[in-house]
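J.: Letter by letter, the chains look like this.
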Amino acid sequence: MDLSPPVQFDLHRRMVRIRVFEEAAGRLAEANKLPGFLHLYVGEEAVAAGVCAALNDDDHITSTHRGHGHLVAKGGDFNRMMAELMGKSTGMCKGKGGSMHISDLSLGMLGANGIVGAGSPIAVGAAFANKYRGRGQVAVAFFGDGATNIGAFHEAANMACALHLPIVFACENNEYGEFTPRSATMAITDIVDRAAGYGMPGVIIDGMDVVAVHEATLEAVARARAGGGPSLIEAKTYRFYNHHGIQNLGLKYRPDDEVAQWKERDPIFTFEDRMIENGTMTRDRVDEIWAGLRGEIEVAIKFAEDSPLPTPDQILVDVYTSMTGAAQ
Amino acid sequence: MSTVGIIVNPNAGKDIRRLVTPATHTSDVTKIGIVRRAIVAAAESGAKRILLVPDTHNLAQRAAEGIDAPVEVLDEPVSGSRHETIGAARRFRAEQAGAVIVLGGDGTSRDVAVGWPDAPLIAISTGTNNVFPTAIDGTSAGAAAAFVARGIVPLAVVGHRSKKVVVHIDDRGVVHEDLALIDLAFIDAMFVGARAIWDPLTVRAVVAAVATPASTGLSSIAGRIHPVGRFEPGGVFVRLGPGDRQVRVPLAPGAFTTMHIAEVRPLADGETITMSGQCVLAFDGERERPVSADATVTAHIESTGPLVIDVEHALILAARDRIFDATNHHLTKDSHGS
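Chains A and B supply the protein sequences, listed in that same order.
Note that the first sequence covers residues 1 to 328 in this note's numbering.
Note that the second sequence covers residues 1 to 338 in this note's numbering.
Rather than coming from a laboratory, the hints here were simulated on the basis of the structure.
We put the CB at the ideal spot given by N, CA and C, even for glycine.
Hints are supplied without guarantee of correctness; some may be wrong.
So, partial list: chain A residues that the calculated Cβ filter (under 10 Å) puts toward chain B [as the list claims (entries may be wrong)]:
no. : residue
1   : D209
2   : R274
3   : V299
Straight-line Cα separation of at most 20 Å, SDA-like style, residue types lysine to any residue; simulated pairs [said to hold, decoys possible]:
no. : chain 1 : residue 1 : chain 2 : residue 2
4   : A       : K94       : A       : H244
5   : A       : K263      : B       : T56
6   : A       : K94       : A       : Q314
7   : A       : K263      : B       : S81
8   : A       : K263      : B       : R322
9   : A       : K33       : A       : H244
10  : A       : K263      : B       : S79
11  : A       : K263      : B       : G80
Here are some of the chain B residues that sit facing chain A, going by a computed Cβ distance under 8 Å [stated by the list, open to error]:
no. : residue
12  : P10
13  : K14
14  : D15
15  : S27
16  : T56
17  : D188
18  : A189
19  : F191
20  : G193
21  : A194
22  : I316
23  : R320
24  : I323
25  : T327
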C-alpha cells in the first residue's frame with residue numbers, strides 16, 4: 001500500500017515535467033508563438049502521473065484535447081513535443097498533428113484527440129488487439145466528465161465489458177465541459193455511477209492526490225492484466241487555467257473562490273510538502289528538480305524554434321495510409 | 001418535539017475497495033431512494049418536521065422533491081467534506097431533533113458523533129466495512145425515528161449507549177483530540193492515499209471498541225480473536241506482527257487474508273493504550289492522519305457514544321400499542337396536521 005521513495009520521486013518528477021511543459025506552452029501561446037488552440041493540463045497532473053507510472057512502456061493510452069500531460073507522463077520527449085506544438089518538422093507528428101493530435105506510438109501513446117469522447121473507442125481497439133495477441137499489455141482511455149455524455153464513450157464501455165477486455169477507463173472529472181458546469185449536462189454527480197450499467201467496477205479517488213491515483217491504477221491495471229476485465233476510475237480533479245490557454249479571452253464561468261480553493265490543493269505542492277515532512281525529500285532537492293526541468297524546457301523551446309517547418313512537398317506524406325505493410 | 005433529521009453522505013460506498021474486492025457500489029439513486037423512503041415513513045408515522053441539509057450531490061433536495069411531507073432542506077454550508085455531516089448533526093441538535101437517521105459508513109456515523117455526541121441515532125449502511133451502521137430499509141428507519149421523536153416509543157427503552165475510542169495525539173507539541181466509533185488503527189504508511197485499507201501487511205495495531213466476527217475490516221481482526229459486543233463495556237487491543245497465532249480475516253468484504261497476531265489485550269473502559277512511531281492513523285477504517293516519528297498517540301475506550309435506536313424493538317413496541325391500527329393512524333395524521 002505504501003510507496004517506496006523511488007516511486008515517490010518518479011511520481012513527483014512526472015508531475016513537475018507536466019507543469020513546466022504546460023506553463024512554458026502557455027507563455028508561448030500568449031506570446032503568439034504557437035499556432036492553434038492550446039488546452040493546458042495544469043492542476044490535473046496527479047491523474048496522468050499517477051496512472052502512467054503504473055503502466056509499462058508498451059501499454060497503450062488514448063488521450064483527449066487536453067493531452068500534453070498524458071504524453072509527458074508516459075515519457076514524452078520535451079524537444080519533439082515542443083516542436084510539434086510549433087508545427088515544426090522535428091515534432092512528434094512532423095508538425096502535422098499539433099497540440100490536439102500529438103502522439104508517440106513508440107510510447108504506446110495513441111494520440112490526443114480533438115473530438116470529445118473519441119479516444120475511448122480507440123483504446124478499446126488497442127485493448128482488443130492486446131487481448132488477441134496475448135502479450136499482457138493493457139490500454140488506458142483518458143477522458144473527461146463531458147465525454148461520458150457522448151455516444152462513443154458508451155459504445156466503447158459497453159464493448160469493452162462485453163468482450164472482457166484489458167482496459168482501464170480513467171475519467172478526469174474536472175467538473176466542467178468546456179465552459180459548462182457538469183450539473184447542467186447530467187443528472188448524476190459521480191461518473192462512476194455509470195460503471196455498473198456496463199458491468200464493471202468503478203471507484204472514485206481524489207484526483208489531486210497522486211498517491212491515491214497511483215494506488216487505484218496499480219490495482220485496476222493488475223486486474224486488467226490478469227484477465228479481470230475493464231474498470232473505471234473517476235479522479236475528481238480541476239484545471240487551474242481556463243478551457244483553452246491561460247486567460248481564455250477573460251471568459252468568466254467559474255467562481256473565483258472555487259478556483260482558489262482547488263489551487264490550495266495543488267497536487268504537486270501538497271505532495272512535496274508530504275514528502276518533506278516524511279523525510280524522503282528536501283526543499284533544496286525540490287528546487288533542484290524544478291530548476292533542472294525548467295532548463296530542459298528552455299532547451300526544448302530553442303530546439304523547436306530552430307527547427308524547420310515542414311516543406312510543401314511533404315503536405316500529403318503520412319496523412320493517408322498507403323496500406324503498405326498493413327494487414328489486408 | 002417530533003422532529004427527525006436525516007443526513008446522507010454522498011461519498012459513501014464508492015471508494016477503491018470496489019476495485020480490490022467484491023464490495024458493493026452504492027449509487028446516488030440508491031441513496032436518494034433510501035432517504036425518500038425514510039421521509040415518507042417518518043411523515044406517515046407522525047413526524048412534524050423532517051430536516052435535511054444540502055450536500056454536494058443534491059441528494060437531499062432530490063429526495064425531498066415532490067413529497068407530501070413536512071420536509072425542509074435547511075440552509076447550511078456545502079463543503080464537500082466531513083464538516084457537512086458534523087455541521088448537520090450540530091444543527092439537528094439545535095433544532096431539537098428527537099432522532100437522526102444517517103446514511104453512510106462507520107466514518108459518517110463518527111462525524112455525527114463529533115457534531116452531536118449524544119445523538120439518538122439510526123445509522124443505515126451505505127458504506128463498505130460497516131460495523132456501526134446496519135442494513136435496514138429507510139421505511140423502517142423513518143417510522144422508528146418518528147416514533148422515538150414523538151415520544152410514543154421511549155428512547156430510554158429502545159436507545160442503547162454506544163462506545164467510542166477517544167484519541168489524544170501529541171505530535172511535536174501539536175495536540176489533537178479525536179475519536180472513532182469502532183476502531184483506531186496504526187497503519188504503516190506515509191500517505192493517506194486512497195484512504196481505505198486493504199493491504200494486511202500495513203496494519204500495525206488496532207484499538208477496537210467493537211470487535212465482532214460478524215463484520216469485515218479492521219474490527220473483524222479483533223472480532224475473530226476476542227469478540228467484544230457493541231454495547232458491552234471495554235474493547236480490545238491487537239498488535240500485528242510475528243507471533244504464535246495467525247487468523248484468517250476478511251479485511252474487506254469478500255477478501256480474506258491471513259493476519260499475524262503478536263499481541264491481544266482486552267481493554268477495560270478508560271484503560272489507556274500508548275503508541276508511538278511514524279504511521280498514518282486510520283479512524284473507523286480510513287487512513288486519515290499521518291503522524292511523525294516523534295508523535296505519541298494515546299487511546300482509550302469510553303461508553304459515551306451516540307444512542308443507537310433499535311429499530312425493530314421500536315416498531316415492535318409501536319405494534320403492541322396498536323400504533324399501526326388505521327384508527328390510530330388517523331390520529332397520527334391529525335397530530336401533524338396533514
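J.: Each hint needs a verdict: does it hold in this structure or not?
T.: Structure-based check of each hint:
Look at A:D209: its Cβ gets to within about 7 Å of chain B, closer than 10 Å, so that hint holds up. The beta carbon of A:R274 is positioned within 10 Å of a beta carbon in chain B (closest approach about 6 Å), and the interface hint is therefore held. With a least beta-carbon distance of about 33 Å to chain B, the hint placing A:V299 at the interface is violated under the 10 Å criterion. The straight-line distance between the Cα atoms of A:K94 and A:H244 is roughly 23 Å, outside the 20 Å bound, and the hint therefore fails.
For the given pair, A:K263 sits about 19 Å from B:T56 by alpha-carbon distance, which is consistent with the 20 Å threshold. Restraint check for A:K94 and A:Q314: satisfied, since their Cα atoms lie roughly 10 Å apart, inside the 20 Å limit. A threshold of 20 Å between alpha carbons decides the hint, and for A:K263 with B:S81 the separation of about 17 Å falls inside it, so the pair holds. Among the hinted pairs, A:K263 with B:R322 is inconsistent with the structure: their alpha-carbon atoms are about 58 Å apart, more than 20 Å.
Between A:K33 and A:H244 the CA atoms are separated by roughly 15 Å; this keeps the pair inside 20 Å, and the hint holds. Proximity of A:K263 to B:S79 is assessed by CA-CA distance (about 16 Å); at most 20 Å being required, the pair is judged to hold. At roughly 16 Å between alpha-carbon atoms, A:K263 and B:G80 fall within 20 Å of each other, so this suggested pair holds. Interface hint status for B:P10: upheld, as the beta-carbon distance to the closest one in chain A is roughly 7 Å, under 8 Å.
Satisfaction of the interface hint for B:K14 is found here, the shortest Cβ-Cβ separation to chain A being roughly 5 Å, below the 8 Å cut-off. The beta carbon of B:D15 comes within 6 Å of a beta carbon in chain A, closer than 8 Å, and the hint placing it at the interface holds. Interface hint at B:S27: satisfied, since its Cβ lies 4 Å from the closest Cβ of chain A, which is below the 8 Å cut-off. The criterion of a C-beta within 8 Å of any C-beta in chain A is met by B:T56, whose closest approach is roughly 7 Å, and the hint holds.
Against a cut-off of 8 Å between C-beta atoms, the interface hint on B:D188 holds, since the closest Cβ of chain A lies about 7 Å away. The restraint placing B:A189 at the interface with chain A holds, with a minimum CB-CB distance near 4 Å, inside the 8 Å limit. Among the interface hints, the one on B:F191 holds; its C-beta lies about 4 Å from the nearest C-beta in chain A, closer than the 8 Å criterion. Annotation: interface hint on B:G193 holds; nearest CB of chain A at approximately 4 Å, less than 8 Å.
Taking 8 Å as the C-beta contact cut-off toward chain A, the hint placing B:A194 at the interface holds, the least distance being around 4 Å. For B:I316, the suggested interface contact is broken, since its CB lies about 36 Å from the closest CB of chain A, more than 8 Å. Interface hint at B:R320: violated, since its Cβ lies 41 Å from the closest Cβ of chain A, which is beyond the 8 Å cut-off. The interface hint given for B:I323 is violated, since its Cβ lies 37 Å from the closest Cβ of chain A, which is over the 8 Å cut-off.
Here the hint on B:T327 is broken, as its CB sits about 42 Å from the closest CB of chain A, past 8 Å.
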